[in-house]
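On the provided structure of chain E, position chains Y, L and A as indicated by the hints.
Number of protein chains: 4
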Amino acid sequence: MTSYEKDKDRHLMRLRRIEGQVRGLQRMIEDDQYCIDILTQVTAATRALQSFSLELLDNHLATCVVDAARTGGPEADEKVREAQDAIARLVRS
Amino acid sequence: MTSYEKDKDRHLMRLRRIEGQVRGLQRMIEDDQYCIDILTQVTAATRALQSFSLELLDNHLATCVVDAARTGGPEADEKVREAQDAIARLVRS
Amino acid sequence: MTSYEKDKDRHLMRLRRIEGQVRGLQRMIEDDQYCIDILTQVTAATRALQSFSLELLDNHLATCVVDAARTGGPEADEKVREAQDAIARLVRS
Amino acid sequence: MTSYEKDKDRHLMRLRRIEGQVRGLQRMIEDDQYCIDILTQVTAATRALQSFSLELLDNHLATCVVDAARTGGPEADEKVREAQDAIARLVRS
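The listed protein sequences derive, respectively, from chains E, Y, L and A.
Residue 1 is where the first sequence starts when you use the UniProt record's numbering, and the numbers rise one by one after that.
Residue 1 is where the second sequence starts when you use the UniProt record's numbering, and the numbers rise one by one after that.
Residue 1 is where the third sequence starts when you use the UniProt record's numbering, and the numbers rise one by one after that.
Residue 1 is where the fourth sequence starts when you use the UniProt record's numbering, and the numbers rise one by one after that.
Don't read these hints as lab results, they were simulated from the structure.
One thing to keep in mind: the hints can contain errors.
So, partial list: chain L residues that the calculated Cβ filter (under 10 Å) puts toward chain Y [unchecked claim]: (1) Asp37; (2) Ser51; (3) Asp58; (4) Val65; (5) Ala68.
Ideal Cβ positions, reconstructed from N, Cα and C, are used throughout, including at glycine.
Bound-form chain E, shown alone (with noise of 0.2 Å):
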């Protein structure tokens, strides 16, 4: 079973309606929309995927770290690198 397993409709609803969001930009681009006016809703798409990926981070923290961390040993050790690294690309994406 996945982390997010009790929040997989949720996710997928959201990332449906990014990817309304991002056909909504090139629907935007076709129609020669004033390019301020564009940039916003990018802005808000980014925002949208931020929270899907920080919802899906808090599920990871909570399960499978906690889980790892219970078990103990090298796959605990092994469970908190990947959120780290996770983490740090979100930080610097």
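Just chains Y, L and A now, kept in the frame of chain E:
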């Protein structure tokens, strides 16, 4: 004519690729893939959106802002203020 | 004259405050304070640096870029390119 | 004992370097240096703060969160929630 007229096709191609990336995220969730691998793909989609927004902003600075600066007056101030606000939103997202 | 001449004192005051925030972080580490509380203060210092950089960029756009645009020619292109690169560095940091 | 006990000296050295970077920004403003060059140094200071925060978060995950996970119960949930909030603040700053 828009500031991005000459880059229109390239922008559309890039946005379709980002749309594909977001659909790919949906498939990873549906296939119960590991959350860390999904987070890696989210970072890639976020960076792609970022690159698109920076190119669109480049178009805007090089045409709308420069043209308005040449005209001068309140229109120039307005264009600069708009660009400043758009940059602040990007930096803070 | 620099683009930030009229804001020089305000910029210096802001930077001294940020310097004080960073020294405050050192004291928190020396006093063995809780890491989450220290992280909260790091975010505050990062945002203060971000606000300073956006104001400095505003100065640059409103004077250096606009003045060069009026002069036109290669100097204008160079100023716009410089601004674009600075914005990309800010967005990606 | 704090989560960062073993890294305390390194953290302090890093923060003193960042303090020096911020003082360097003040000198650049006082010396009327070119705003684009100042912005380049601001990005360097922001990245240094980011690296410090990621290392401190690493310390927290590897000790506070893992230890609390082993203890279990509401304390574990609280530590995970705290880490999630700190990560969200970092990602959004």
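Outcome of the hint check:
The restraint placing L:Asp37 at the interface with chain Y is violated, with a minimum CB-CB distance near 23 Å, outside the 10 Å limit. Hint status for L:Ser51: holds, given a least beta-carbon distance of 9 Å to chain Y, under 10 Å. Here the hint on L:Asp58 is kept, as its CB sits about 5 Å from the closest CB of chain Y, short of 10 Å. A hinted interface residue such as L:Val65 counts as satisfied when its beta carbon comes closer than 10 Å to some beta carbon of chain Y; here the least separation is about 7 Å, so the hint holds.
Here the hint on L:Ala68 is kept, as its CB sits about 8 Å from the closest CB of chain Y, short of 10 Å.
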